[in-house]
Amino acid sequence: MLSKKLLLLYLIFFSYFLSFAQEKYTFSGIISDSNNNETLIGVNISANSSTAKATATTNEYGFYSITLPKGEYQLSISYVGYQTLQKTITLAQNTKTNFYLTSVGEDLEEVIITEKTTTNTRRAEMSVNKLSIATIKKMPVVLGEVDVLKSILLLPGVTNAGEGASGFNVRGGGADQNLILLDEATIFNSSHVFGFFSVFNPDAIKDLKLYKGGIPARFGGRASSVLDVYQKDGNSKKMSFNGGIGLISSRFLAEGPLEKDKGSFIAAGRGSYGHLFLKLANNKNTAYFYDLNTKLNYKLDKNNSLYLSGYFGRDVFSLDKSFTNTYGNATLNLRWNHLFSDKLFSNLSLIYSDYYYGLALDFVGFKYDSGIKNYNIKYDFKNYIADNFKLTYGVNAIYYDFNPGTIQPNSSPARFNYNQLDKKYAFEPAAYIEAEQKITSKLAFNYGLRYSLFYRLGNYDVNIYKDNEAVTFNNDLKIYEKGVPIGTKFYGKNKTITSFDNLEPRFSASYSLNENKSFKASYNRMVQYLQLISNTSSPTPLDVWTPSDNYIKPQIADQVALGYFSNFKDDKYSLEVETFYKKVKNRIDYIDGANLIANNALEQVILNGQLRAYGLELLLRKNTGKFNGWISYTLSRSEQQTPGRNAQELGINNGNWYKSAYDKLHNIAVTSSYEYSKKWTYGANFALQTGQPTTFPKGNNGQYQYQGITVPNYAGRNGDKLPTYHHLDLSATYTPKRDRKKGWQSEWIFSIYNVYNRQNAASISFRQNTQTGNNEAFRFSVFGVVPGVSYNFKF
Amino acid sequence: MKKIKYILIIFTAIFITSCEKEIYVKLNNGAPNFIIDASIKWQKGTLGNKQQIKLSTTFDYYSNIVPTISGATVFIQDSNNNTFNFTETDTLGNYNCSDFIPVLNQNYTLTVRYDNQVYTASETLKAVPSIDKIEQKNDSGFSAKDIQVKAFYTDNGATKDFYLFRFQASDKAIPSYSVYKDEFFQGNQIYGIYEDKDLKTGQDLDITIMAISEPYFNYMSILLSIAGNTNGSPFQSPPATVLGNIKNTTNEKNYPLGYFSLSETDNRNYLIK
Numbered sequence: 001m002l003s004k005k006l007l008l009l010y011l012i013f014f015s016y017f018l019s020f021a022q023e024k025y026t027f028s029g030i031i032s033d034s035n036n037n038e039t040l041i042g043v044n045i046s047a048n049s050s051t052a053k054a055t056a057t058t059n060e061y062g063f064y065s066i067t068l069p070k071g072e073y074q075l076s077i078s079y080v081g082y083q084t085l086q087k088t089i090t091l092a093q094n095t096k097t098n099f100y101l102t103s104v105g106e107d108l109e110e111v112i113i114t115e116k117t118t119t120n121t122r123r124a125e126m127s128v129n130k131l132s133i134a135t136i137k138k139m140p141v142v143l144g145e146v147d148v149l150k151s152i153l154l155l156p157g158v159t160n161a162g163e164g165a166s167g168f169n170v171r172g173g174g175a176d177q178n179l180i181l182l183d184e185a186t187i188f189n190s191s192h193v194f195g196f197f198s199v200f201n202p203d204a205i206k207d208l209k210l211y212k213g214g215i216p217a218r219f220g221g222r223a224s225s226v227l228d229v230y231q232k233d234g235n236s237k238k239m240s241f242n243g244g245i246g247l248i249s250s251r252f253l254a255e256g257p258l259e260k261d262k263g264s265f266i267a268a269g270r271g272s273y274g275h276l277f278l279k280l281a282n283n284k285n286t287a288y289f290y291d292l293n294t295k296l297n298y299k300l301d302k303n304n305s306l307y308l309s310g311y312f313g314r315d316v317f318s319l320d321k322s323f324t325n326t327y328g329n330a331t332l333n334l335r336w337n338h339l340f341s342d343k344l345f346s347n348l349s350l351i352y353s354d355y356y357y358g359l360a361l362d363f364v365g366f367k368y369d370s371g372i373k374n375y376n377i378k379y380d381f382k383n384y385i386a387d388n389f390k391l392t393y394g395v396n397a398i399y400y401d402f403n404p405g406t407i408q409p410n411s412s413p414a415r416f417n418y419n420q421l422d423k424k425y426a427f428e429p430a431a432y433i434e435a436e437q438k439i440t441s442k443l444a445f446n447y448g449l450r451y452s453l454f455y456r457l458g459n460y461d462v463n464i465y466k467d468n469e470a471v472t473f474n475n476d477l478k479i480y481e482k483g484v485p486i487g488t489k490f491y492g493k494n495k496t497i498t499s500f501d502n503l504e505p506r507f508s509a510s511y512s513l514n515e516n517k518s519f520k521a522s523y524n525r526m527v528q529y530l531q532l533i534s535n536t537s538s539p540t541p542l543d544v545w546t547p548s549d550n551y552i553k554p555q556i557a558d559q560v561a562l563g564y565f566s567n568f569k570d571d572k573y574s575l576e577v578e579t580f581y582k583k584v585k586n587r588i589d590y591i592d593g594a595n596l597i598a599n600n601a602l603e604q605v606i607l608n609g610q611l612r613a614y615g616l617e618l619l620l621r622k623n624t625g626k627f628n629g630w631i632s633y634t635l636s637r638s639e640q641q642t643p644g645r646n647a648q649e650l651g652i653n654n655g656n657w658y659k660s661a662y663d664k665l666h667n668i669a670v671t672s673s674y675e676y677s678k679k680w681t682y683g684a685n686f687a688l689q690t691g692q693p694t695t696f697p698k699g700n701n702g703q704y705q706y707q708g709i710t711v712p713n714y715a716g717r718n719g720d721k722l723p724t725y726h727h728l729d730l731s732a733t734y735t736p737k738r739d740r741k742k743g744w745q746s747e748w749i750f751s752i753y754n755v756y757n758r759q760n761a762a763s764i765s766f767r768q769n770t771q772t773g774n775n776e777a778f779r780f781s782v783f784g785v786v787p788g789v790s791y792n793f794k795f
Numbered sequence: 001m002k003k004i005k006y007i008l009i010i011f012t013a014i015f016i017t018s019c020e021k022e023i024y025v026k027l028n029n030g031a032p033n034f035i036i037d038a039s040i041k042w043q044k045g046t047l048g049n050k051q052q053i054k055l056s057t058t059f060d061y062y063s064n065i066v067p068t069i070s071g072a073t074v075f076i077q078d079s080n081n082n083t084f085n086f087t088e089t090d091t092l093g094n095y096n097c098s099d100f101i102p103v104l105n106q107n108y109t110l111t112v113r114y115d116n117q118v119y120t121a122s123e124t125l126k127a128v129p130s131i132d133k134i135e136q137k138n139d140s141g142f143s144a145k146d147i148q149v150k151a152f153y154t155d156n157g158a159t160k161d162f163y164l165f166r167f168q169a170s171d172k173a174i175p176s177y178s179v180y181k182d183e184f185f186q187g188n189q190i191y192g193i194y195e196d197k198d199l200k201t202g203q204d205l206d207i208t209i210m211a212i213s214e215p216y217f218n219y220m221s222i223l224l225s226i227a228g229n230t231n232g233s234p235f236q237s238p239p240a241t242v243l244g245n246i247k248n249t250t251n252e253k254n255y256p257l258g259y260f261s262l263s264e265t266d267n268r269n270y271l272i273k
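Chains as they are written, first to last, in my numbering: chain V, 1 to 795; chain A, 1 to 273.
Because the hints were derived from the structure by calculation, they are not lab data.
Quick caveat: nothing in here was measured; it's all calculated off a predicted structure.
Heads up, a few of these hints could be off.
[Unchecked claim] When the alpha-carbon atoms are kept at most 30 Å apart in a straight line, the in silico DSS-like pairs for lysine-lysine are as follows:
#1 A:160 / V:478
#2 A:44 / A:145
#3 A:247 / V:367
#4 A:273 / A:172
#5 V:585 / V:87
#6 V:489 / A:150
#7 V:466 / A:160
#8 V:423 / A:160
#9 V:423 / A:41
#10 V:478 / A:41
#11 V:209 / V:622
#12 A:26 / A:172
#13 V:466 / A:253
#14 A:160 / V:367
#15 V:585 / V:378
#16 V:478 / A:247
[Stated by the list, open to error] For each label pair, taking beta carbons as the anchor points, the in silico distance ranges come out as:
#17 A:175 / V:699: 20 to 30 Å
#18 A:175 / V:655: 31 to 41 Å
#19 V:644 / A:52: 32 to 42 Å
#20 A:250 / V:655: 22 to 32 Å
#21 V:665 / A:145: 42 to 52 Å
#22 A:139 / V:254: 41 to 51 Å
#23 A:101 / V:716: 53 to 63 Å
#24 V:488 / A:175: 40 to 50 Å
[Said to hold, decoys possible] If the Cβ cut is set under 8 Å, some of the chain V residues that face chain A in the computed set are:
#25 415
#26 699
#27 756
#28 784
Note that beta-carbon positions come from the ideal geometry of N, C-alpha and C, so glycine has one too.
Could you build the full structure based on these sequences and the hints that come with them?
Right, dumping it as structure tokens:
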């Protein structure tokens, strides 16, 4: 059935492009940095002649391909932070040419951003933000620790649950709805230390791209967004080293050729050392994190390259040796780039990734291990059929192995019994095809279709419930209760318990009003088969992922977006205005008092609801000059509803819509940098947001007495909000003159986070004073004013 | 297992330069509720004939004056149709009974009549194991200086059991509660834990173990989490009105808060060494 549909589509595309066939030649190759051969992603290439004109951008592997009629062309190759390359070429046959761009500045990577980050008004792609690591490194941050995830919070439509909270929320979606990819491998938990730092070592990262809408068909599996992060390949010209020393952590990176100009390696490590101070203070507690990034790449010949990349990160906490907590991600990825022709690029990936969470509670007497493993095979093709028609297609299949928890006694005598919660298995294959097409010089379309399938597999005893209801409603007491299984059905290994399949259409279009202005529109459907079981406003490391089954349905998101894009004043400024509406079916919520940890029958505490989010985003950027940066503003709403399944049931919050935990009506972010001199660069960030939704007790009926304690009597869910959140951060980067003889370059970054010491409320809690018995409200703030300094070097 | 999250929160709080400050928060008003606090407790080795039920209403969050309910009719019936009347003996909203007959595993029904509304609830009296022993540890907590007390008991391996512990330290104005279920320690000797940085040598710790039903376990889990100190944190689950097992048979929508529970109890008074 599926294959027939795809075949049909394929035939349509082929018949389409055949009609274009005429005497044309293809001009293709790889674009990389002249210093280290690092391939460059998203480089703009334009070819002009008196009669023909074409543009292209390099893909994730630095590859480009342009097909044009025979003739002489003026080439212009431009990229953020690099000198634009101008060249004349004569195209008389299929030609393969690699280009090398030279970076503008020579001081570390902190190149002066004479960036041409103008918004692309020509391509249909919209709702996408790209950040170069150079831009990210300039921003002032808490304790001077450069953070990839914190930087994206300054973009329109992106927020999180507050300071020190993990994850991020895109266009009113949950943190679990973001597909986070590191070299194509899924990262299940993006934070260290519960959200204070991200798992991405900035030194090892080349580039990142955030898709908020109009998501291409090659991505799937999450409802709201895709954060695509690429690691550096490594210097294939010469050995080089860089690193940094900060207050919390230090980094060191080594890169060099495996074989000059053919292969390279990179190895980067990062670790925190706060625990060493604890040790010095003779404190028995410890807390640290570390991560390792590695990558090898090798060009077998001009048509074949291999990449092997890996990531390993862990957080470790231990309290008095009676409580030990370890968690982190690991990924391993082997990729093979192959050029079938200069028009057909392919990449085959074999990816393994896992997330582990372990806890040893010696004082209670047990050990708890949980995790998720997945094996992914992916084959992607990009077919540069004609200058105005490109086709991307591919298949992938993921096998998941979930361990919701193993409980082992670790005291003697054993107080706890060994318990293995049911392991869960699933298989998620998908196929997609997508076309990028220029209809006229003004109109461009991207249209595609993804077909995804999901199989929930045995070995598993599936609970069976009366009327198929795993949660029952007690009409007498008006509360939801766990259903009691009326039986179980056993499914053997790899037997399908239940399956889903969905067609996910993707579409975006742009209409150019002139050279610098365009309107764009997009629609995407995204299906998410995994659910993060979390009842808190931001994810915690302890949260478990669970696959869809008979009771927990896949989330299905539909999003439409409209936008206006413009570059003005000679591309000095650019403006992006977008509006979106998103609706997610089967957004789960939990019955009151649901225990989500070590629960072997999660379906008994889960209700299916829906989520809607809508908003307006503005992004005004100054692209050039010594002073540059952007202002972003988002006006949006994010709400959830879990109605009763029938007239008797109350649903959650009486079935009414309630604000999601990450609803922020207003969100303003300003980031700027000013190059004062060759030695000094200054940066500033300002953020202002509506306070997070929360629930307060009712004023005049806010408490009652029960069994000697007072109990707060809460109003409707998320009907109140925390005080307005804002802070201003400053940074100064000092770059001493480079010591040319030793080849040693360094820089100092001084920063102050939250300059005016705003005590932003991370939470307001209500409780009874145990000494006096009086009720009190407490504001908990995470960061006051935090100064930071870090030292970076390169040799 | 829920405790793990709290531990994480405490840890996070210590790890960073965070700050907690008492503030005044202006609250929005809402409708009142009727409160029935009916916990029947039968201490091992006693007759269990003296019991008390408290009636009140919700009141201002920042007030200390508990409104009381006067003029209500309160009684409990057992499955043998014995009626035990609870009469108003003071102006504090306390209704007392002196002829209650506790019988293990017997079902009881509570009826409260007040302001032309009739409230009812049913529950079974559960048996509880004895406290076997009490252990004290003096190097607990983040500072490794806190006192920790464990009260051991032996779970019945044949039944699915739920426990409620009440700890009242002599320096505290209010008791501390915790709930446990035997899912992961079926049939083992296990303990309830009390740990507090204010606990000092020479203080008294009053320890009570109660056996409770699964619905009451669920109720207390929610109630303790919203009465505890984790609300509003990033780790918080959204607080909601916690509904008990008492139904308003006159007007379903005008539901009362509180719970009707019955338990055998074992009590120890422990002097901190």
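Status of the hints after comparison with the structure:
no. : hint                      : in the structure
1   : A:160 / V:478             : holds (25 Å)
2   : A:44 / A:145              : violated (35 Å)
3   : A:247 / V:367             : violated (42 Å)
4   : A:273 / A:172             : holds (18 Å)
5   : V:585 / V:87              : violated (52 Å)
6   : V:489 / A:150             : violated (41 Å)
7   : V:466 / A:160             : holds (22 Å)
8   : V:423 / A:160             : holds (24 Å)
9   : V:423 / A:41              : violated (42 Å)
10  : V:478 / A:41              : holds (26 Å)
11  : V:209 / V:622             : holds (19 Å)
12  : A:26 / A:172              : holds (28 Å)
13  : V:466 / A:253             : holds (27 Å)
14  : A:160 / V:367             : holds (22 Å)
15  : V:585 / V:378             : holds (27 Å)
16  : V:478 / A:247             : holds (9 Å)
17  : A:175 / V:699: 20 to 30 Å : holds (26 Å)
18  : A:175 / V:655: 31 to 41 Å : holds (36 Å)
19  : V:644 / A:52: 32 to 42 Å  : holds (37 Å)
20  : A:250 / V:655: 22 to 32 Å : holds (24 Å)
21  : V:665 / A:145: 42 to 52 Å : holds (46 Å)
22  : A:139 / V:254: 41 to 51 Å : holds (44 Å)
23  : A:101 / V:716: 53 to 63 Å : violated (43 Å)
24  : V:488 / A:175: 40 to 50 Å : holds (41 Å)
25  : 415                       : holds (5 Å)
26  : 699                       : holds (3 Å)
27  : 756                       : violated (15 Å)
28  : 784                       : holds (6 Å)
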